[in-house]
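Undergrad: Produce the entire structure from the sequences given, and follow the hints as far as they go.
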Amino acid sequence: MPNARWRRTGLLLFLVYFTAFAERANVSVAAPSVSEQLHLTGAATGVILSAFFWGYVVTQVPGGWLASKASPSRIIAGSLLVWGVTAFAQAWSGSVTPLIVSRVFMGLAEGVVWPAFAVLFVRWYPVNERARAAGLSLLALPASSLVMAPSAGWLIQTWSWQTMFIVQGVPAFVLAAAVLLFLRDSPEQDRRLSPAERTFIVENRAAPDPAARRQSVLRPLTSPVVWACSLVYFLWLTGFYSFGLWLPTVLKQLSSRGMEAVGWLSVIPFAAAAAAMLLNSRAADRSSRPKAHFVVPALFVGAAALLAQHVLPAALPLQLVCLLITAVGVYAPFGPWWAWALQFVPAEQAGPVTGLVNLFGSLGGLIGPIVVGAASDGGSARGGLYILGFFLLAGALAALAVERFAARPAPATTPAPVIATAPLKEG
53 MPNARWRRTG LLLFLVYFTA FAERANVSVA APSVSEQLHL TGAATGVILS AFFWGYVVTQ
113 VPGGWLASKA SPSRIIAGSL LVWGVTAFAQ AWSGSVTPLI VSRVFMGLAE GVVWPAFAVL
173 FVRWYPVNER ARAAGLSLLA LPASSLVMAP SAGWLIQTWS WQTMFIVQGV PAFVLAAAVL
233 LFLRDSPEQD RRLSPAERTF IVENRAAPDP AARRQSVLRP LTSPVVWACS LVYFLWLTGF
293 YSFGLWLPTV LKQLSSRGME AVGWLSVIPF AAAAAAMLLN SRAADRSSRP KAHFVVPALF
353 VGAAALLAQH VLPAALPLQL VCLLITAVGV YAPFGPWWAW ALQFVPAEQA GPVTGLVNLF
413 GSLGGLIGPI VVGAASDGGS ARGGLYILGF FLLAGALAAL AVERFAARPA PATTPAPVIA
473 TAPLKEG
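Numbering of the sequence shown is given in my numbering, commencing with residue 53 and proceeding in unit increments.
Simulated from the structure, these hints should not be mistaken for lab results.
Errors might be hidden in some of the hints.
To be verified - Simulated restraints, written as ranges between beta carbons of each label pair:
id, residue 1, residue 2, range
1, N180, L101, 32 to 42 Å
2, A448, T215, 43 to 53 Å
3, E455, E255, 45 to 55 Å
4, S87, L198, 18 to 28 Å
5, G98, H362, 20 to 30 Å
6, P114, I419, 17 to 27 Å
Since the model is a prediction, treat every value here as computed from it, not as a measurement.
A virtual CB, placed ideally from N, CA and C, is assigned to each residue, including glycine.
TA: Below is the structure:
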């Protein structure tokens, strides 16, 4: 595997998404302190917690289209600057309205980032490396859960929630500068690559498709496989986001050692999930089997473990093992999933297609916690069954999609020759 690309591009994308998730989620840690200081009602607090997604869902598809037409690295850098500004704005908010506005603008800025990542994935990585590339970036999900919540809680307890927003907002400005300095839109523009590595990338990726470049941003709406992927991702992330919110409640019921113990117990499934994401992505890229074989079984394993958690005795060690396996099952497929989904679309459509699929996943993040929260009024076990149902439906639909579309990937194109048509950009 060429190393320079993975050291710079892969690590930088991971750090960007890590910062994104940390700034997206830290408001949940600050919510009790914010509510107390600003005298907020429960409804107002709920609006603040959900305001991010109002903006996030709006810019997914147009952000993907823009990234495919313009410079994805500059789009990412601009988004980082907006994150930093909105993080500071949250710290200076003295009432509900400016806090909500800040969260909405943060969501608008972050909505373009993952589609921009998808454009970079298809430009920088051959198909047999995309699972690891996507998996490394999405490692930010469990990693941010491991690091963000404890650090945010410590900052709030030691100083204030305002200080927490400011301190966790600073990395966005640093990363914006790093992206502009080190991230290039394509390997042809990166002088740090050796000629051999540049040739390897260009010869092992799909060549540009002029017909796809001229197509409308709405063209993905006519593709059955794109809609199938969108529905799978909606069901998957509906259960996924619900599981993340439901897990501490279950652990609190099982443990008699207080919230501090719950926090440490919650770390265990996320740590296992992080390891599983890396290992499953690596296995998918090294295997000759289709990427979907590393997605569907994992979702069913996660659902089966959640069912076992429901029927087995309520002993903490036994329950924790089931929850750990569930986390592994629903986190591990992310890298292979995006590698599988992107193979069905031309490189020029990767941005808008990723935006559409991610839009449906974001809707799952809005709907799932509400549905599972309402179901949990009848007991946490009932909420767990709803999450189980979402994972089963996602796995079943993904299996049907594999059967229906496995033999119909996007038409292959002849690799483009490596011909220097313009001077390479410095940097």
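Undergrad: If a hint holds in the structure, say so; if it does not, say that too.
TA: Hints versus structure:
1. N180 x L101: 32 to 42 Å: holds (40 Å)
2. A448 x T215: 43 to 53 Å: At 47 Å between Cβs, range holds.
3. E455 x E255: 45 to 55 Å: violated (32 Å)
4. S87 x L198: 18 to 28 Å: holds (25 Å)
5. G98 x H362: 20 to 30 Å: holds (28 Å)
6. P114 x I419: 17 to 27 Å: holds (22 Å)
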